[in-house]
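Peer 1: Counted the way full-length UniProt numbering counts, the sequence shown spans residues 1 to 98.
Keep in mind that the hints were calculated from the coordinates and are not lab data.
The beta-carbon is built from N, C-alpha and C at its ideal position, and this holds for glycine as well.
You may find that some hints are simply not true.
[Stated by the list, open to error] Ranges of calculated distance between the beta carbons of each label pair, as one might list FRET restraints:
no. : residue 1 : residue 2 : range
1   : G39       : F60       : 10 to 20 Å
2   : T69       : P45       : 27 to 37 Å
3   : F70       : L35       : 16 to 26 Å
4   : F60       : Y28       : 12 to 22 Å
5   : T69       : T27       : 13 to 23 Å
6   : R50       : R26       : 32 to 42 Å
7   : D21       : K65       : 13 to 23 Å
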Amino acid sequence: MGSNYKAETGATLYPAYGAFDDYHYRTYRKPVLTLEIAGTDFVAPASTIRTRGAEIYKGFSQFAKETITFGSTKSAFLEDATVDSVNVTTDFDHPILD
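Please take these sequences and the hints and turn them into a complete structure.
Peer 2: Here you go:
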C-alpha cells in the first residue's frame, strides 16, 4: 500500500499566488515543503489516516535527506524524483496514535 509522489514546486502543481513556500524558495533558494494528501477537498477518510500519516512521515524523511544535498551537483530535489512507496506494515512500525 502507498503512493509515489513527484517532487515539484507548489507553483508547478497549481498556481497559488502569495504562497509562502514558493516565495521562500525563489527568494532565499532554501528547501521548502508543501504537503498535500490523497482525498478530496482536503479531507481524507478516517479509515486512511494511518496510511496517510505513514506517507507523510516518509515524505518528511525524504525531504530531510534531500536537504543534505540541496544545491550540490548530486541533488535530486525538484527534479523528476519520486518518494519511495510506503509499506505501512514494514516501514512504519511506530503507531501514530493508539
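Peer 1: Run every hint past the structure and note whether it holds.
Peer 2: Hint-by-hint comparison with the structure:
{"no.": "1", "hint": "G39 / F60: 10 to 20 Å", "result": "18 Å, holds"}
{"no.": "2", "hint": "T69 / P45: 27 to 37 Å", "result": "36 Å, holds"}
{"no.": "3", "hint": "F70 / L35: 16 to 26 Å", "result": "18 Å, holds"}
{"no.": "4", "hint": "F60 / Y28: 12 to 22 Å", "result": "20 Å, holds"}
{"no.": "5", "hint": "T69 / T27: 13 to 23 Å", "result": "21 Å, holds"}
{"no.": "6", "hint": "R50 / R26: 32 to 42 Å", "result": "35 Å, holds"}
{"no.": "7", "hint": "D21 / K65: 13 to 23 Å", "result": "19 Å, holds"}
Every hint from the earlier list agrees with this structure, and none is contradicted.
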